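Novice: Now for the letters of each chain:
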Amino acid sequence: MKTTPLHDNHIALGARMVNFADWRMPLHYGSQIAEHHQVRRDAGMFDVSHMTVLDLAGDQVREFLRYLLANDVAKLKRPGKALYSCMLNERGAVMDDLIVYFMNENRFRMVVNAATREKDLAHIRKAAAPFAVAVRECADLAMIAVQGPNARDKTHQALVAFMDSRIPFLSPVSSGVNKDSDEAATPAALAPFFAREYGELFIARTGYTGEDGYEMIVPADRTAVLWRELADAGVKPVGLGARDTLRLEAGMNLYGQDMTEDTSPLESNLGWTVAFDPTDRDFIGRRALDARRGREKYKLVGLRLEGRTIPRPHQKVLGNVGDGEITSGSFSPTLDRAIALARVPVGTEGTCMVEVRGKQLPATIVKPPFVRKT
Amino acid sequence: MSNVPEQLQYAKTHEWVKTEQDGTITIGITDHAQEMLGDLVYIDLPDPGRIAEAGQELAIVESVKAAADIYSPVDGEVAEVNNALGDAPELVNTDPYGEGWILRLRPSGPIPADMLLDASAYAELAANEAE
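Just so you know, the sequences run in chain order A and B. Residue 124 in our numbering is what sits at position 124 of the first sequence, and the numbering runs on without skipping anything. Residue 115 in our numbering is what sits at position 115 of the second sequence, and the numbering runs on without skipping anything.
Isolated chain A (complex conformation) (with noise of 0.2 Å):
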């Protein structure tokens, strides 16, 4: 089992420890509930350095991540903006989803997920070798997300102690580096869906929570500094077990369980994050997903359920025009009862039973995110 820069604190702090992707990763540090409302309510951090970050540098890195994503990267035209995308196989079925950064039109970075890191780096670099652009894993870096209302301004406190004289934007002194002025050179100024390099930290207004917040790239060697002063500025650690609840409840996929290698994005709720147009962008998958393309059998949804009996993955669903299956099911702290992600025959509508051990339990059938943040 591999273990992040960060496990030792996670051992102080009595975490729960358990496998994931071969990793060791905190479940929890007493109470996943009360670490859900931690985020939704002020700010947490989670350790995700399990997470897998690739740079892919080259003359054509634009040109490949074109071919290689389902999404289009030509949509990102300011350096710093992120997308979304699934990396789809020949079939048009998901193998991975990700987000990728653009750098700078030599520089492009991708975070995937770890439990799928060594298929989706072979298939990247056997994608890769006909075009003039390396891959670099980066294992030596590691990865903290803060997420919540509060979470940009205790960052920016946490940073303050942090860089001492590390980073140009908190040193004018040393600056140089940055024209600009100081405020638009600091995190407090990057927009929702920006990443940008500060020093030695990559620092991206992004999650999977449905919050505010950052996911922060950082040496592995001062990942536990930025962790403390985290710490110090009221930042309260969270596990993978609130990551999940948080997730499901802002309505985000997850991998290998909402979408797999068997099932098309277009079946997945994804449909959004494919870009047909233009239509002679040739990328991996398109031509199984244009030949199937409006004639899906299933669709992704979201259930409500009355009470607390939670639905888990593989359940049976029971609608309107046929049966489909949970894909994934949880609490949801927020609203105070169990929610779940459904693959159901397309013009399934209304309600629907769910069976659990046996009973049938009513639904709602809902648009996802289960939780809006306004």
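Careful: at least some of the hints might be erroneous.
Said to hold, decoys possible - Facing chain B, a subset of chain A residues (Cβ under 8 Å, in silico):
{"hint": "1", "residue": "His28"}
{"hint": "2", "residue": "Gln32"}
{"hint": "3", "residue": "Gly241"}
{"hint": "4", "residue": "Thr273"}
{"hint": "5", "residue": "Thr309"}
These are computed hints drawn from the structure, not numbers from a lab. All of these numbers come straight from a predicted model, not from anything done at the bench. Yeah, the Cβ is synthetic: ideal placement off N, Cα and C, and Gly gets one too.
For chain A, the structure is supplied; the task is to place chain B on it using the hints.
Specialist: Only chain B this time, still in chain A's reference frame:
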């Protein structure tokens, strides 16, 4: 290391059992079990008066992570359930041997001899199971 009170008896399926002075037995889940389950969100309790056989499922405890059955260690009848758990299932996490008790049974016979473990045997089982 989870808490395993000396004076209780334990099932291999992680229930604790306490014989009360009036002959009823109180059942809950162990500290180890609540740790493994994580935050509990729902306890599906039987109606008082329900007849159960030893080894039969009596209740379901549901956490964010998983659902687990509570089994009866003895033939008997459900005498009382902990209705406080309806609004506060987290009592099972915070006080598994006290406020977080689950139900009381009125046994119709003796508890089968091989059904329960003493504290040290259960502590060993729990330790082996913990990661």
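Novice: Now look at each hint and say whether the structure bears it out.
Specialist: Going down the list of hints, with the structure as the test:
no.: 1; hint: His28; result: holds, 6 Å
no.: 2; hint: Gln32; result: holds, 5 Å
no.: 3; hint: Gly241; result: holds, 6 Å
no.: 4; hint: Thr273; result: violated, 28 Å
no.: 5; hint: Thr309; result: holds, 6 Å
Hint 4 alone, counting from the list given before, is not met by this structure.
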